[in-house]
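Enquirer: Letter by letter, the chains look like this.
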Amino acid sequence: MALTGLQIFKLLPNTNCGDCGVPTCLAFAMKLAAKRVELSKCPHASDEAKAALGEASAPPIRKIAIGAGENMATVGEELVMFRHDKTFYHKTVIAPLLHDNNNAVDEAKTLSSIVVERAGEVLKIDAIALQQSGDDGEHFAKTAQAISSETGLPLILISGDPDGMKKALDLVGDKRPLVYPMVNENFDGMTAIAKEKGVPIVVAGPSGLDGLIERVKKVKAAGVEDIVLDPSSKSLAGSLRDQTLIRRAALQADIKDLGYPTISGALSGGDSSCKSSIASIAAICKYSSFLVIEDFQPWQFLPLLTLRQNIYTDPQKPLQVEPKIYPILEPDESSPLLVTTNFSLTYFMVSTEIDDSEVPSHLLITEAEGQSVLTAWAAGKFSPEIIAKAVMESKIEERLKHRNLIIPGYVAMLSGELEENLPGWRVHVGPQESADIPAYLREEWPQIASSPAGDA
Amino acid sequence: MDIPLEKHKGKIRTVELRKESPSGLAIGGQDCLALHLFEGSYPNKPVIAWEITDTDPSKWLGDVRKPYKDVLGDPVGWAKMVREEHGAKIICLNLIGTDPNKDDKSPEEAASLLKNILSAIDIPVIVKGPGPGEKQNDVLAACAEAASGQSCLFAAAVEEQYKTLVASCMAYGHALVAETPIDVNLCKQLNILISDMNLSLDRVVIDPLTGGLGYGLEYTYSVMERIRLQALGGDEMMQNPFICFIGDEVWKVKEVKADDPAWGDREKRAILWEIATATSLLYSGADILVMRHPEAIKAVNEAIDDLMKG
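Line by line, the protein sequences give chains R and C. With the numbering used here as the guide, the letters of the first sequence map in order to residues 1 to 456. With the numbering used here as the guide, the letters of the second sequence map in order to residues 1001 to 1310.
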């Protein structure tokens, strides 16, 4: 049974020494109760406390880290079934699958060079999965070493050959790769290698979660604790069932033998890369900690990493942004002024597009109870009066030498009345879709700006 | 091993569309979370509605114009094409041409088009108006009357404007889409308002408002999970199937339009953008997905078939 913070507190030394990194024993106890730290952080805990807290204090899903340095990837420690309950904590590690042929190192370099910055996050591949295809363990090991040193990325080593795996770990074991044994017969040998090198290992189930639990027990008995589960699901439906039940087992049924991160493979299936994409989408939405993608294509990068970004953002972020003037790209007195509502998605889309246009602008956000432009207009929350009032109260007039206001294309019908409410201003109808804003700012705005009618 | 399977008190209502036709469809009816066949019953598959427009959709990207190039501007031909060549099980007729800021087509024109489509194909039709405003009321009312007895699905009733549509659907035997802006409480409130007018909630489909991939998908995803959990927990005012309008949110974004070589093949990336938006919302509970690209529709349909084998 999980202990409460106060129950745990009674078992601690109560010296408030701070050696655990938390100022007081009570605060540390609270963190233990929330399964946010492990008891091993406290160097002074008594054996009695360790025994009592041991299992109860461990996070329900074990934390596993692979790789080293700044590219280290951490998974596990998830606490919820639904992202709205708190947040999904450690992002799915996305690892394209390469075979140890002659191109593998170059392919790995190409893949690791794709970097896209999106909404404040740098999107990039997290790891490389390398599979030994022949029986040349030496070549497998050398390829692994080259990929590791060329890309710096964590590795997932896939092989059915204990000798090849051993050779690879001799070269890259200090980089903490994840060991993925392919063949069941050699499993004990692989476990021994993983234990010797102190690296995490994938335990794949023969079929069903009962079989998986049996294997986990054996691996734990052999002394390996850093385990990643592969339920070997046969279909999308099977994968959803297995991933859901594994997480539920760990979080709700306290089944320790399933309290580990999971791994899914998205195999290309030959003709249809859509299948691999859909398996990847499913893995990102539903609980996979590692995702190995065969035949990864550059065009899959942005959709899959954007999806992961969406699913793993903090769901407590508000849907509304503060109504005010937002300067984008350091606008000055002659920069355009655009207006839209305070729905955060509207703001996000419009500001991203203005940013993309490279035309510095002032963006006025009005109070519209977090509704989008059309909904707010229909509800009378984005009316000529409200927009005019927002323009006046923003005092933007003092900072502009022109009097031009660009409104969203969807509310073209209120331009006349808005001009009546804003004496001296000219109202211009912008595009309906935010995606068309860059073209508008680049092509239409210079004409508006050069027309004398809108001068202050 | 003792992993609990979850049994829920509540059950999603079954909404029947075009029930008089042999190709009619029932939507919803499950008593478990999205796609959880391993612990509940799922009498009806999620479906994909092929979006077609009443007038040539000049703003659609080339990728989604090309597959329909022979039928753009010929909605009846378009409807027959997706039915006969692609095996569509349901279509969504988007009446963009009735928008006063576009072609401003009359309600009568829209109504007569709907009649022609209903006689050309035997599958259910979702009818989407030009957006909130007087015009939408007039257009949907005329269409509801023209399609009397054909149990179509009309989109959409919003909190500020639902009474006319509710009345039309009651009078002529249709179902409607209740649209609210990504909010559990507003969703429930609109369902209550609709049910207060005595329209049976067996004729309501929830539109939680779709944020496309990279543009608010996560809000839609989570609000659907929350609404569904509340519905399965027994809240009778939330027990309705979901519809997600995918195409409109996908085919306008930068990542779909931009020809950046570093981002890989643009068209494949664009199609995957639609697949990813649709598939993730399928996993959060969508019962009807309104989509555009034939390849995206084919891929998501295959996924649905796989998921429904259990």
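Take these hints with a grain of salt, some might be off.
Stated by the list, open to error - Covered stretches of chain C (chain R as the covering partner; in silico rule of three or more C-beta atoms under 8 Å from a C-beta of chain R):
#1 1002–1010
#2 1125–1139
#3 1156–1170
By construction, these hints were calculated from the structure, which means they are not laboratory data. Since the model is a prediction, treat every value here as computed from it, not as a measurement. All residues carry an ideal CB built from backbone N, CA and C; glycine is no exception.
Enquirer: For which of the previously enumerated hints does the structure constitute a violation, in increasing order of number?
Expert: Those not satisfied: there are none.
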